[in-house]
Amino acid sequence: MLLFAANRVVRALLVILFATFLVVALLSIAPGSLAVTLLGDAATPDAIADLEARLGLDEPLWEQYSSWLGDAVTGDLGTSLRTRQDVLDAVVERLPVTLELALLALVIALLVAVPMALLAANRPGSLVDRVSTFLASVGLALPAFVVAPVLVYFLSLKAGLFPVAGWERIGDGLGDNLHHALLPAIGVAIPEIAAFQRLLRTDLDSTLHEDFISAARARGMPSGYVLWRHALRPSSFSLVTLAGISFGRLLGGTVIVEAVFSLPGLGSLIAGSISARDVIMVQGAVAFIVVAYVVLNTLVDIGYGFLDPRVRREAVR
Amino acid sequence: MTAPTRPLLQVEDLRTWIATDSGPVRAVDGVSLTVAAGEAVGLVGESGSGKSMLARTVMGLLPDRAGTSGTVLLDGVDVLTASTRVRQSLLGPKVAMVFQDAGRALNPVVRIGRQITEGMVRHLGISRAEARERAVGLLTEVGVPDPRRRLANYPFQLSGGMRQRIMIAIALACEPDLLIADEPTTALDVTVQRQILDLLDRVRTTRGMGLVLISHDLGLVAGRTDRVAVMYSGRMVEEGPTDAVFDSPRHRYTEALLASTPSLDAPRARRMRVIEGALPDPRRPPAGCRFAPRCAAADAACEVPGADSLRDGVLGHRHACVHPVPPGAGGVAADRDAALMPADETRS
Amino acid sequence: MTVVDPGVGSPLQPADDPGPRLPAVRAHRSWLVALSAGWLALVVLAAVLAPVLPLTDYGQVAGPPRGKPELSLDGLLGYDVLGRSMLSRIVSGAQASLLVGVVSGLIAFVVGSFLGLLAGFLRGVVDTVISFVTDTLLAFPPLVMLLALASVLRPSIGTLIVSLSLLMTPTFARLARANTMRWASREFVMAATNMGAGLPRLMGREVLPNVLPSVAAYLPVVIAALIVAEGSLSFLGLGVPAPTPSWGGMINDGQDLISRFPNLVFVPAATILLTVLALNIVGDRLRVRFGERTR
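Residue numbers (the numbering used here), protein chains in the order written: chain A, 1 to 317; chain B, 1 to 348; chain C, 1 to 295.
If you are wondering where the hints come from, they were derived from the structure by calculation, not from laboratory data. Treat the hints loosely; a few may be bogus.
[Unchecked claim] Using C-beta positions, here's what the derived DEER-type ranges look like:
1. Ala-192(C) to Pro-108(B): 53 to 59 Å
2. Arg-130(A) to Val-190(B): 47 to 53 Å
3. Ala-37(C) to Arg-130(A): 39 to 45 Å
[Stated by the list, open to error] Chain B is faced by these chain A residues, among others (derived, beta-carbon under 7 Å):
4. Gly-75
5. Arg-84
6. Ser-137
7. Ser-214
8. Phe-237
Using N, Cα and C, we set each Cβ at its ideal position, and we do this for glycine too.
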């Protein structure tokens, strides 16, 4: 187990190195001169050379990366081309919004998906099962940019339940904060609900064919009890894994709802920096998210073992 | 054997069919079986003969695609038509089941303690604490050392033999009148098998339970049951007092099965036999006797539909053979029947 | 012993015996699949026939700005902010979405399957390198990768296709690698190896025909995901560049007016929902039919 964990960590480090290299290299391998793209066709040669020197684009790729990496490990992801703000500061300032959205969406998705999957698996082939499974298919076809404006129309504009846009920090009151965060989180959660429901439904189905489920039924335990107390836990391992991966993915996946609801999160930072052609900011934010994503996935991978007592035994060995 | 007024388990003309894309599989196809209180009955057949499906029908553990007809009376209640609530109230206090592979029949992520006590809490209406005390007693009874500690264990922390003992303790928890043991020793080492069978014997006699011992192995059932029933391709082919069936099998299939069972008592030179061919397609079984395609004694009369109905014999020894083995001619010593093909020359 | 006259058969042949009542073998939701296939056919047909359809050009004013739906071909779905035909824009959007989705899906399928096949068949260093690159590309959350690429590329249909194929190639590579390894260990492939079959021949004749169908079964689902990705980028203004209409861009355009003219958003939203749903339903059916059963 320790060996396994070490193996995972080394692998994760290698992937992080290569991925950040790709992020840095992106500025050089872009077709055409990046400086021209940034400054526009009317730029003077001097201005172009100046910008290229500032971005380090005149150096060989390998040196660009090593100097970037050297700065990055000390927490220096560069300064914004436009606002002169420190990139890491900007990321850290925006992070709580995105973190809260992702976490809230994950909780909502699990709270809805688990009962849906349990209901569906309880009577395979029944109407409940078919409706639940069909709803999951619909959810998968409702990406945030489709569902968020529709949610705004019905729940904010028509029903007046939620604000149309904006954000309140948790520090300024949890109620206000949730009032603003809930609708965007639902928008993020809907496709996730669908994915979770499908996965858990499939895993429950195969668990329900196990002998130990028959044995519990042979003890006269009611089907709801069997489902909840015997089938759910052994079926939930891959769901927990997926939820962990989803959380990492959502750190970079709330861009759309942040745009729809004008929320000051990481996603709107990236989207805004792209429109402003602030490549250093994009580079830093993307590198940050990729590292966070890889670290999270590795933790999920290692932590998986502690969920399943069977794997835990391997850990003792 | 004294015949009680009402048998514990009375299966009457049971059919359990399972729908598939290519037609229904006739897992159990018109079988009757009676078990009296305190009686031990062996149910023997190859895998695929329908013996396990019969047990699962009694326990209400059929797949969603299964359909049944006939009656299964458990202490007078028809479990096929009873409501779910009534059926569940019988599982545990009236009938319990020991599964084939305890490694798979125990939930790997639930502690032993809950798996033993949950049934008692539900059916006997006792507190969790009291159920735990009883569980300690049960584990002691089935020979699990250090029972109090075991309650907190997960199944993977125990050996195969221990797991099967725990499986038996779980089955005994609500003091059932009938215990169905489905191949209880197949997954175990040979050395442990006998211990588990002896344990089953002991708890049955001390508690006066009825027992249905399901096995593919005739020898295993021989010394431990009062009566034995032999199934083939979803049909009952022979049934009677265990000694009578062993000493003098009447059905050609039983005879072949007996001859193909290696026995320690048999002389070394005796030839082992295997039965040629395979079980018929359970979706399209042959008309008449289902063993006929594999039977050297078969003729046209065997293929007449209804040819395999059970014929009464002495002392309740019944068989379904059109051309039965003459009484006294068959049995373990018989060695000349053309229904059997020679296989390995020597095997002991 | 009961002697039965061999010539007399009971009328109750086992085949005629109805037996116990059985639950129907689970009906396949074929009408749903048929409906989905029908919708996809409609979308594809509209996209292909767009030039000859009697619709006003998507850039031309065809009716009153923000006009309600009416009974004319152009006005069937209403008019947008500038009075352009919504139907015409949806049809042009279908062209863009399908072109981008299908082309990048196919590129990813071809490149990814090839890499996966190589990795799974040759193993060793080739496998290590390909798997490492695959893992690294998968270390980017999908939308983040697209945004990173969008930050340095000028938006156009071409760069969109490049980005989206890059996004999906690792997925196909993984699928193909896993399937190849499963097939390469089967007896007939081993037998062919022992009989001295050359490597290209082996891959082409033995493994490829068995691996490709189960990998290709994922194409519809992947195309659905790509249409969603393209829509997300276009919604952010980083996808299909204006003035070419796209479904995601139409939602973005209509969003500000949603309180008074909701159909500006609902029409493209419903189109995406139906198309992606149909692709997923058809894709699920294909996976059941042709996909490798992993369970």
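Verification of the hints:
Range check, Ala-192(C) to Pro-108(B): about 41 Å between beta-carbon atoms, so the 53 to 59 Å window is missed. A C-beta distance of roughly 49 Å is found between Arg-130(A) and Val-190(B), which places it inside the suggested range of 47 to 53 Å. The hint said 39 to 45 Å for the Cβ distance between Ala-37(C) and Arg-130(A), and at roughly 19 Å that hint is violated. The interface hint given for Gly-75(A) is violated, since its Cβ lies 42 Å from the closest Cβ of chain B, which is over the 7 Å cut-off.
The criterion of a C-beta within 7 Å of any C-beta in chain B is not met by Arg-84(A), whose closest approach is roughly 55 Å, and the hint is violated. The closest approach between the C-beta of Ser-137(A) and any C-beta of chain B is roughly 22 Å, which is over the 7 Å cut-off, so the hint fails. Proximity of Ser-214(A) to chain B holds as hinted, the smallest CB-CB distance being about 5 Å (cut-off 7 Å). With a cut of 7 Å, the hint placing Phe-237(A) at the interface with chain B is violated, because the nearest CB-to-CB distance is about 9 Å.
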